[in-house]
Amino acid sequence: MLAKFDLNDDSVVVIIGTGAGGGVLANELAQKGVKVVALEAGGRYLPEDYLNDEWASFGQLAWTDTRTTSGDWRVAKDFSGLPTWIVKAVGGTTTHWAGASIRFQDHEWKALTNYGKVEGANLLDWPIDGAEMAPWYDKAEEKLGVTRTGNRPGLPGSNNYKVFEKGALALGYTQVHTGRMAIQSSDDTGNRVACQQTGFCFQGCKWGAKWSAAYTDIPEGEATGNLEVRDRSHVAKILHDAAGKVTAVEYFDKDGKLQTQKARIICVAGNTIESPRLLLNSASEKYPNGLANSSDQVGRNYMRHVTGSVYGVFDKPVRMWRGTTMAGIMQDEAHHAPERGFVGGYELETLSLGLPFMAAFLDPGAWGREFTSGLDSYENMAGLWIVGEDLPQENNRVTLSADAKDQFGLPAPNVNYSDHPNDIAMRNHAYARGVAMYEAVGATRAFPTPPYPSTHNLGTNRMSEDPKLGVVNKWGQTHDIANLFISDGSQFTTGAAENPTLTIVALAIRQADHIASEMTAGTI
Amino acid sequence: MKQDQLKGMTRRALLSRSMATWALAVSGAGFIAAPDAAWALEVAVITPDQMATLLQMARDIYPHDKVADQYYAVAVKGYDAEDSKDMVAAGIAELDAAAVAQGHASYLAIGWEKDRVKVLQAVEKGVFFQKVRAGLVTGLYNQKEIWPIFGYEGESFSKGGYIDRGFDDIAWL
Numbered sequence: 001m002l003a004k005f006d007l008n009d010d011s012v013v014v015i016i017g018t019g020a021g022g023g024v025l026a027n028e029l030a031q032k033g034v035k036v037v038a039l040e041a042g043g044r045y046l047p048e049d050y051l052n053d054e055w056a057s058f059g060q061l062a063w064t065d066t067r068t069t070s071g072d073w074r075v076a077k078d079f080s081g082l083p084t085w086i087v088k089a090v091g092g093t094t095t096h097w098a099g100a101s102i103r104f105q106d107h108e109w110k111a112l113t114n115y116g117k118v119e120g121a122n123l124l125d126w127p128i129d130g131a132e133m134a135p136w137y138d139k140a141e142e143k144l145g146v147t148r149t150g151n152r153p154g155l156p157g158s159n160n161y162k163v164f165e166k167g168a169l170a171l172g173y174t175q176v177h178t179g180r181m182a183i184q185s186s187d188d189t190g191n192r193v194a195c196q197q198t199g200f201c202f203q204g205c206k207w208g209a210k211w212s213a214a215y216t217d218i219p220e221g222e223a224t225g226n227l228e229v230r231d232r233s234h235v236a237k238i239l240h241d242a243a244g245k246v247t248a249v250e251y252f253d254k255d256g257k258l259q260t261q262k263a264r265i266i267c268v269a270g271n272t273i274e275s276p277r278l279l280l281n282s283a284s285e286k287y288p289n290g291l292a293n294s295s296d297q298v299g300r301n302y303m304r305h306v307t308g309s310v311y312g313v314f315d316k317p318v319r320m321w322r323g324t325t326m327a328g329i330m331q332d333e334a335h336h337a338p339e340r341g342f343v344g345g346y347e348l349e350t351l352s353l354g355l356p357f358m359a360a361f362l363d364p365g366a367w368g369r370e371f372t373s374g375l376d377s378y379e380n381m382a383g384l385w386i387v388g389e390d391l392p393q394e395n396n397r398v399t400l401s402a403d404a405k406d407q408f409g410l411p412a413p414n415v416n417y418s419d420h421p422n423d424i425a426m427r428n429h430a431y432a433r434g435v436a437m438y439e440a441v442g443a444t445r446a447f448p449t450p451p452y453p454s455t456h457n458l459g460t461n462r463m464s465e466d467p468k469l470g471v472v473n474k475w476g477q478t479h480d481i482a483n484l485f486i487s488d489g490s491q492f493t494t495g496a497a498e499n500p501t502l503t504i505v506a507l508a509i510r511q512a513d514h515i516a517s518e519m520t521a522g523t524i
Numbered sequence: 525m526k527q528d529q530l531k532g533m534t535r536r537a538l539l540s541r542s543m544a545t546w547a548l549a550v551s552g553a554g555f556i557a558a559p560d561a562a563w564a565l566e567v568a569v570i571t572p573d574q575m576a577t578l579l580q581m582a583r584d585i586y587p588h589d590k591v592a593d594q595y596y597a598v599a600v601k602g603y604d605a606e607d608s609k610d611m612v613a614a615g616i617a618e619l620d621a622a623a624v625a626q627g628h629a630s631y632l633a634i635g636w637e638k639d640r641v642k643v644l645q646a647v648e649k650g651v652f653f654q655k656v657r658a659g660l661v662t663g664l665y666n667q668k669e670i671w672p673i674f675g676y677e678g679e680s681f682s683k684g685g686y687i688d689r690g691f692d693d694i695a696w697l
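So the protein lines, in turn, are chains X and Z.
This note's numbering puts the first sequence at residues 1 to 524.
This note's numbering puts the second sequence at residues 525 to 697.
I should point out that these hints are in silico values taken from the structure, not numbers from a laboratory.
For clarity, every value in this text was computed on a predicted model and none was experimentally measured.
Some hints here could point you the wrong way.
As the list claims (entries may be wrong) - Here are the simulated lysine-lysine pairs, DSS-like style, with alpha carbons at most 25 Å apart:
no., chain 1, residue 1, chain 2, residue 2
1, X, K77, Z, K590
2, X, K468, X, K286
3, Z, K642, X, K77
4, Z, K668, X, K316
5, Z, K590, Z, K642
Looking at chain Z on its own, in the form it has when it is part of the complex (with noise of 0.2 Å):
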């Protein structure tokens, strides 16, 4: 999410703001969603708010430039559920006053990254935080689909591995 545009602005505001200013939006129907329409996150059991802070706090916790949202949305979306809504709530309400100790309106009304990491460092040692990060290093590098973007190009077994197909090719040494 490309927040830096608009930093100064309540969080109240920000999320009334029209999608078009944003990678990713949260809706009032349910959902959150790309501008573009290309993905969307349904939300059933948490807020749409709350998603968009996860998804926020996921960035800046293991942040790839190159990794699209909808990744990083993959990796959160499990916390969308019964079992772990008071986790989520309790975690977020946290998290947002610790923003608001740090003269912030709350966490995602933060527009620099900076400053997002340094409200995330005053609840690292937490529960939830901790939960949070040790389920994106599977949640988000186990998916096969951003592989490619890191390079990585999983089993060769399939195609017999590198031993005709580059396993001593370097070139600049």
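Isolated chain X, as found in the complex (with noise of 0.2 Å):
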């Protein structure tokens, strides 16, 4: 039944990673009878692997390879050899998202003519808006059993929620729910296992409660028979021929053996460091800057969210880890009000760690009865996430490193990162108006925590109209090179202020369909 391609096969779609944006792309091509060879870095893992633990969690699932980083950003200080906090593995990082599944506001698809030219940005329209997307998201959702979309109903409120609710309703927020959750919310509405408050939400499913490509998209595709996953292969180099066409990829297998897959078309979805990273590492004679890089926009404007957490201490305890963890949103703030001096809006979202990770990142690198007077009242600590929009910044961008290299012997990413005025300004918004929503139920001590390593990385292949200002059209095909497709979150053109993942499935949906019909028509 699996399908089992031949190196030498020519005729294959090939998909670099499998995660929001390459396993629902395979599955989708998969479905239409086209055939494809899924190639992932990561192993396979699935709810009975996941760790409920959260450091062994991350020395099962997180993406740890050689990394580099630089810029102003508090993660280069803290976690200099750790910018994002990802997953390697078959299914990529939506074994690790928390579920929140919301879609861009109208005006967020065309950020450079609604908010005007800001100095140091690099703001663009994307080539595609809100009413092109709908009916795309309509299938994601369904795809991903989104809770308040369909008949799905939301998912009932933690006590970590109930905090936030009651605080947010006292500033007078009124859009304020649990989310629409790509996790089943009851036994009658999908497929999956309803919820069962288990917590944990980061490290796994182990009921496969919310969706991730690991599960669904993934042996959904291998079922046609038409979906052969490698998984353990690194994709070192992309290959072209004279004229200029990819013709194969260089990979390693699950050996450390250099193999050679031939492709008709390839896509990447590596994720945005390693998606440009793979770009420039194909640099050759004729694609000296690297593949698709005539408009050396590759590896620059990397987003990753103006995110950053409020936790509040209360006098009694709220167990906010138990239960689901990002099951709660206040969207008052999401709208584009330049009044509150900055450009862009952010959501809050209910938040929680465990004692362990708390620890790490609720103030990384402090130590004395400051912070550990915190951690003393964890049991009392209710916690939410800023999830805002930042500015695409040319230098914000992942290049290839001068000296360090992976385990391959390959360059490694370095990741520059700087704050924009209006990151900043966004960020000391949203800290001031979570610790009043707390204060607002009765805390008696707050916490503004810097952001942790990157989960939200986009923009570092992005969508352009006009083929100098980006690297892939409105379909995710690259500018320079027909048949080479960038099918990951590095394709957003701005970030909006939402989590990705539903935008990414979205767009994987709409670009198989694209794909399919290009491969009937012959022009690709």
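Each chain sits in its own coordinate frame; assemble them with the hints.
Right, here's the structure in full:
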């Protein structure tokens, strides 16, 4: 039943990466009868393998290959070798994501038009808009089984949510609920098990209640006989012919042996750090600056959202770790209202960490009683996370390190990021509102906690109408090479205020439709 | 370790004192132990003094009055090893030199936490302090045995999650 394609089969579509972008694209193409080889750097883990223990799970799933960092973001100081908190496994970071699934607001597709030029930012309009994306969002919400869409009820509110909701309502906010979550909320409205309020959403859902490509799209695609997933296969380089079309990928297989897989079409979906890195590492005589990089935009405009957390301490227990991690949202600040002192907006969402990660992330590097007296109140803490639109900047970028190499001897990526003044203004506004929410329900202390290593990584192969301003067109097809596509969050032109997975999935479903019809038409 | 009552004693005098006044004591026989013999930590490579210093450092870096010494001891016992003994010796020498520069006999001889913290602040940029601090983040807080002290319940999958066990039981709000 499982497909097995020959290394010399040049009729296959090769997809690099199996997360929200690549995993969905692989299944969607396989369903349409397209033959697909998906190469995944990580191993296979299913719900029975997931570990509900923060550090052990991190050791099992996290992408910890060599990386370096620079710029003024605090992650570069506190976690210099770990710019991201993402997953290396079949299914990618859909294993780790918390499930928040919200659509872009219409104005966010046209950030340059609606915000105007902002000094120091490299804003651009997407070549698509909300009307174009609406039917694809519909399909994505159905695929993921998003609560509060279709006939799916919202999740019940946990203790952490109840504190969050009461604080938000006390400040006069009205758009407050348990979120649109790709987590099954009842036994009757989907094929997955309903959420058992177990916590540990970040460590892989052991019930399979949360959507993850690892146990939905990947096996569904494999069941068609059209999809072969090769795990522990790390792509080193994309090859091309004299005419400039891509023809094959070189990858290190399970045993560390270099293999070459031929391809008709190649889709890169290795996450926003690895995707541009691969294009840059594939430089050749014909493409000395890397593949698809005539615009010089490959690797640039790295975005990671304006994030941060607020933890409030109360005089009585909250036990925020119990239940769904992120089923709680306040959207009254998500709109664009420059009178607040910044363009774009942000969401506040419930969040909790277990004690081990709280010790690592509450105030990295801090020590002494100011810090430990906070942890002493761990049981009485409530937590929220900020997700806001950060601005693309040309020099926030992924480049190849001059000296650091990964385990295969390939140049490692360096991730450079500095906050734009707009990002800082937004974060400070969000911190103040988050603290006020908790104080409104009696918090005795609050912690404005700095951003963690990035889970939302966006923008380094951005979509543009004008080939001079971006890397891919409105289908995710590279401007320079017709049979090379980008299929992950790196194609985001701007980041919007929303958690990106739903949009990545919607773009992947749409891209599969486009690729299949172009293949049928014989144009690629 | 409660050393407040020992303020003003020299380090040598302190170390030669009976264990009775300590929550934890350095013995001459290659181990440090709790006075009630509830637990003891043998040292094979570094000295008992050095281990006692590491233990005090751990308490001063991440002080939790409800967390007993034995958990801090577990977090630093890995430094009793050939490949870290030189780093420990040099680091503690630097720490004690900083204590002397601030008018104390040694770091361990300082009675008040706030005075020890000042000494630690003098060395906190150094490799030794940073290594000990970073190691404690997992070495201390990832011990499952201390989680209940903070109320943290760890995994709940084996109990069926919290859907029937209080995920929404907050009553005081």
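Hints versus structure:
no.	hint	result
1	X:K77 x Z:K590	violated (31 Å)
2	X:K468 x X:K286	holds (18 Å)
3	Z:K642 x X:K77	holds (23 Å)
4	Z:K668 x X:K316	holds (23 Å)
5	Z:K590 x Z:K642	holds (23 Å)
The structure fails hint 1 only (numbered hints given earlier).
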